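Chains R and X are the protein sequences, given in the same order.
Numbering-wise (this note's numbering), the first sequence opens with residue 1 and increments by one.
Numbering-wise (this note's numbering), the second sequence opens with residue 209 and increments by one.
Since the hints were derived computationally from the structure, they do not count as laboratory data.
Keep in mind it's a predicted model, so treat the numbers as computed, not measured.
One or more of the hints may lead you astray.
Some chain X residues flagged as far from chain R (calculated, every beta-carbon gap over 12 Å) [claimed, not checked]:
hint, residue
1, Leu270
2, Lys280
3, Asp325
4, Phe387
5, Arg402
6, Ile428
7, Leu429
8, Pro432
9, Ile436
10, Thr437
11, Ala455
12, Leu542
13, Val555
14, Pro694
Derived DEER-like restraints, expressed as beta-carbon distance ranges [claimed, not checked]:
hint, chain 1, residue 1, chain 2, residue 2, range
15, X, Leu517, R, Asp61, 49 to 57 Å
16, X, Ile348, R, Arg87, 33 to 41 Å
17, X, Ile348, R, Leu164, 27 to 35 Å
18, X, Leu592, R, Gly50, 57 to 65 Å
19, R, Thr129, X, Phe351, 44 to 52 Å
20, R, Leu106, X, Leu538, 51 to 59 Å
21, X, Val526, R, Thr129, 31 to 39 Å
22, R, Glu130, X, Thr371, 47 to 55 Å
23, R, Leu107, X, Pro353, 43 to 51 Å
24, X, Val526, R, Leu132, 41 to 49 Å
25, R, Gly127, X, Ser409, 27 to 35 Å
26, R, Val165, X, Leu587, 25 to 33 Å
C-beta atoms are modelled at their ideal positions from N, C-alpha and C, and glycine is treated no differently.
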Amino acid sequence: MNQLVESVVHEHVHRDDVGAKIGMWLFLFTELILFGGMFLAYAVYRYQYGDFFALASKKLDVFFGLINTLILLTSSLTMAMSITAIRRESKKLSMLFLALTIFFALLFMVNKYFEWSAKFSSGIFPGSTELLNQPKGIIIYFGLYFVMTGLHALHVLIGMVILLVMFFYLKSDVINSDYYIMLENSGLYWHLVDIIWIFLFPLFYLIH
Amino acid sequence: MMLTDIKSGNGHNGEYIDFYNAPTKRKGIFKWIFSTDHKRIGILYLVSLLTFFSVAVIFGFLMRLELIAPGKTIMDPQTYNQIFTLHGVIMIFLFIIPGIPAVFGNFLLPLMIGARDVAFPRLNLLSWWLFILGGFVAVISLFLPGGPADTGWTFYIPYSVRTNTNVIPALMGAFILGFSSILTGLNFITTIHRMRAPGMSWFKMPLFVWSLYATGWIQILATPIVGITLLLVAIERWFGVGIFDPALGGDPILYQHLFWIYSHPAVYIMILPAMGVISEVIPVFSRRTIFGYKFIAFSSIAIAFFGSLVWAHHMFTVGMSGTAMWIFSLLTFLVAIPSAIKVFNWVSTLYKGSIELEPPMLFALAFIFNFTIGGFTGLMQGALSLNIHIHDTYFIVGHFHYVMFGGTGFGIFAAIHHWFPKMFGKMYNKRNAKISFALILGGFQLLYFPMFIMGYLGMPRRYYDYLPEFHIWHLLSTIGSWILIPGLILMFVNLIMALKKGQRAEANPWGGVTLEWTIPSPPSFENFEKIPVVEKEPYDFTHYELGEEVKN
Numbered sequence: 001m002n003q004l005v006e007s008v009v010h011e012h013v014h015r016d017d018v019g020a021k022i023g024m025w026l027f028l029f030t031e032l033i034l035f036g037g038m039f040l041a042y043a044v045y046r047y048q049y050g051d052f053f054a055l056a057s058k059k060l061d062v063f064f065g066l067i068n069t070l071i072l073l074t075s076s077l078t079m080a081m082s083i084t085a086i087r088r089e090s091k092k093l094s095m096l097f098l099a100l101t102i103f104f105a106l107l108f109m110v111n112k113y114f115e116w117s118a119k120f121s122s123g124i125f126p127g128s129t130e131l132l133n134q135p136k137g138i139i140i141y142f143g144l145y146f147v148m149t150g151l152h153a154l155h156v157l158i159g160m161v162i163l164l165v166m167f168f169y170l171k172s173d174v175i176n177s178d179y180y181i182m183l184e185n186s187g188l189y190w191h192l193v194d195i196i197w198i199f200l201f202p203l204f205y206l207i208h
Numbered sequence: 209m210m211l212t213d214i215k216s217g218n219g220h221n222g223e224y225i226d227f228y229n230a231p232t233k234r235k236g237i238f239k240w241i242f243s244t245d246h247k248r249i250g251i252l253y254l255v256s257l258l259t260f261f262s263v264a265v266i267f268g269f270l271m272r273l274e275l276i277a278p279g280k281t282i283m284d285p286q287t288y289n290q291i292f293t294l295h296g297v298i299m300i301f302l303f304i305i306p307g308i309p310a311v312f313g314n315f316l317l318p319l320m321i322g323a324r325d326v327a328f329p330r331l332n333l334l335s336w337w338l339f340i341l342g343g344f345v346a347v348i349s350l351f352l353p354g355g356p357a358d359t360g361w362t363f364y365i366p367y368s369v370r371t372n373t374n375v376i377p378a379l380m381g382a383f384i385l386g387f388s389s390i391l392t393g394l395n396f397i398t399t400i401h402r403m404r405a406p407g408m409s410w411f412k413m414p415l416f417v418w419s420l421y422a423t424g425w426i427q428i429l430a431t432p433i434v435g436i437t438l439l440l441v442a443i444e445r446w447f448g449v450g451i452f453d454p455a456l457g458g459d460p461i462l463y464q465h466l467f468w469i470y471s472h473p474a475v476y477i478m479i480l481p482a483m484g485v486i487s488e489v490i491p492v493f494s495r496r497t498i499f500g501y502k503f504i505a506f507s508s509i510a511i512a513f514f515g516s517l518v519w520a521h522h523m524f525t526v527g528m529s530g531t532a533m534w535i536f537s538l539l540t541f542l543v544a545i546p547s548a549i550k551v552f553n554w555v556s557t558l559y560k561g562s563i564e565l566e567p568p569m570l571f572a573l574a575f576i577f578n579f580t581i582g583g584f585t586g587l588m589q590g591a592l593s594l595n596i597h598i599h600d601t602y603f604i605v606g607h608f609h610y611v612m613f614g615g616t617g618f619g620i621f622a623a624i625h626h627w628f629p630k631m632f633g634k635m636y637n638k639r640n641a642k643i644s645f646a647l648i649l650g651g652f653q654l655l656y657f658p659m660f661i662m663g664y665l666g667m668p669r670r671y672y673d674y675l676p677e678f679h680i681w682h683l684l685s686t687i688g689s690w691i692l693i694p695g696l697i698l699m700f701v702n703l704i705m706a707l708k709k710g711q712r713a714e715a716n717p718w719g720g721v722t723l724e725w726t727i728p729s730p731p732s733f734e735n736f737e738k739i740p741v742v743e744k745e746p747y748d749f750t751h752y753e754l755g756e757e758v759k760n
């Protein structure tokens, strides 16, 4: 009977790395479609208020956007390197690259903070009198800008928390050269955050 | 199916202990709310869903009572608006969307494909917690100053931005529930891809599993849209960003598009699993293999696909281009084809079958009847010219309830009666179940059929008051609710009594042939002692035709 108790008490958790990856990809689909709804809204309003969108986009600082694009792209590189490192049984290197990724994510957020602060101090934020006096196309442009980059920034924050957890898993050998699916899935999430930014950057900063 | 392997599912060392009594680390209620066992989670959902259902039925009852006569009867107009919103929000987001997948999908999917659990058991538990959290957030507005939302379950802009009632809790509740729904769908799809027993190829899966698969894809691909849309309405209310608010340049019609891009596929999240249930019940009680297995399987996928492309038929009166209108109308007609394929296949399965009118079968047959009426009235609304006449009238209310209650609701009741012995190891009183069925079916027809008539005559939906010429139809409808609700009470009392006093159910009381009937009732914690090897088609009743009764 004791033997029975032991064998039955364990939870139904079995290991299936392929299954875990399928699950992650399905989740990424939902994230893409979540942002897809907003890209759809962007497309509709760009069609409706094209001229105002061009006008408003000139008020954004391309420099901030460019730096953040470079930061995120580099962080995707270090993320991928961290996964390769643990596969090659180099725990130290994997931790180093993961720490770098988290550092870049932080840098992105700091940059974003200064960018948004600059906008706020010049009176551009949802509901500000400065903005409400502008034509409707400009109000919508900045509405979309704050909501879309804001939701993206939220994803960066969530990504940072996930990567931080992964860092401690690496440290305590929960993730090791034999079992690194969690790190791979976190990497997939991080690349998604990166890809969404790659679309946001030209749509808001570059095309006029 | 390996009918010879009837002993599989016994505990280790050959000892069988059902999962209720299987040893766990936890005590009391924690044995349930922290369990990652798919069977316990399924029952958790069952209890929570039926609780929400009862609350929403009470709201529905109060609405009908208010409408028994023109003018004020028991509540003022504002309360009425809030009550119909709560009725809709709870029924849609807390009962009928999670409905069959969350309860029966969870309990049965691993059993039907010969697995020990779903692919991500802990995620599964998280889904239930999110469900409870979402339900709590949605219902809390009842007790906040300002009262619950009065927008209807559709949260149409601009009213949902202007009203002073608590719209945000309802929106956030629906958003969280969406997450729960996505995680369930994701879990089921991965489970179906990865955890089928050896030998169970795609075309040896039971049709209920196929319907869960199609539903899972809709849950994953459509739900995020409503998630972001509802979030944007909340952001609009908080910050006034203008994305939907016409005063700031936003487009309320865009809101309607985004809302229905999810919410039309969502009605297939509601109905597809019910169709799966019917596809399970009908072969068992006709003792015949299902007619057109592949057609039913693929029609689920086809419904999921076409159903995602018809959303704008909810908006024929908002002023779209003529081209868009006829395309959406055409697609709406196309989606009827796979639905009709299913109905024809069920009816053909019955043909020359040895039909046994047990309670699950009665509910399944009533499903076909109601769904046919609901489906055809849906097509009438898909026709552009007629749509203008009956748009936003009681006709749509009647249609919706015929499909959702007469279809999915009856599907849920069929499922409860079909798998109750498997879930709880007890058999209910069949005579009481049949009486409750008669009351529910009769009350249902009297409650909802007059809606078609008064809708066609011009009674608008959601109105608090009406002209005297509609009085007779409203009166009949309200009387219908007085027959339906006792039927529901009798049904639930009968099932609850069965839990206490019911006779022990055998492993296979109905003579089913899918894998869940090969293991004891209720199943053991591990479901199968040894993972079965599947060799036969899912609905192989040749042993019955040869005169052998399958009994455990």
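Exercise. In this structure, is the beta-carbon distance linking X:Leu592 and R:Gly50 contained in 57 to 65 Å?
Worked result: 32 Å, violated
Exercise. Is the gap between the beta carbons of R:Glu130 and X:Thr371 within 47 to 55 Å?
Worked result: 28 Å, violated
Exercise. At the C-beta level, are R:Leu106 and X:Leu538 separated by a distance inside 51 to 59 Å?
Worked result: 53 Å, holds
Exercise. Was X:Val555 rightly flagged as not at the interface, with every chain R Cβ beyond 12 Å?
Worked result: 35 Å, holds
For this session: Say whether it holds or is violated: X:Leu542 keeps its Cβ farther than 12 Å from all Cβ of chain R.
Result: At about 23 Å from chain R, X:Leu542 clears the 12 Å cut-off, so the statement holds.
Problem set entry | Given as non-interface: X:Pro694, partner chain R, CB spacing beyond 12 Å | 41 Å, holds
Exercise. Do X:Ile348 and R:Leu164 keep their Cβ atoms within the hinted range of 27 to 35 Å?
Worked result: 32 Å, holds
Exercise. X:Ala455: least C-beta distance to chain R exceeds 12 Å?
Worked result: 9 Å, violated
Exercise. Cβ-Cβ distance between X:Val526 and R:Thr129: within 31 to 39 Å?
Worked result: 33 Å, holds
Problem set entry | Beyond 12 Å from every chain R Cβ - status for X:Ile428 | Answer for X:Ile428: violated, closest chain R Cβ roughly 6 Å.
For this session: Beyond 12 Å from every chain R Cβ: check whether that's true for X:Pro432.
Result: Contrary to the label, X:Pro432 does not stay out of reach of chain R, its closest Cβ about 4 Å off (not over 12 Å).
Exercise. Should the label of X:Ile436 as a non-interface residue stand, given a Cβ cut-off of 12 Å to chain R?
Worked result: 4 Å, violated
When the structure is compared with the earlier hints, violations turn up for hints 3, 4, 5, 6, 7, 8, 9, 10, 11, 15, 16, 18, 19, 22, 24, 25, 26 and for no others.
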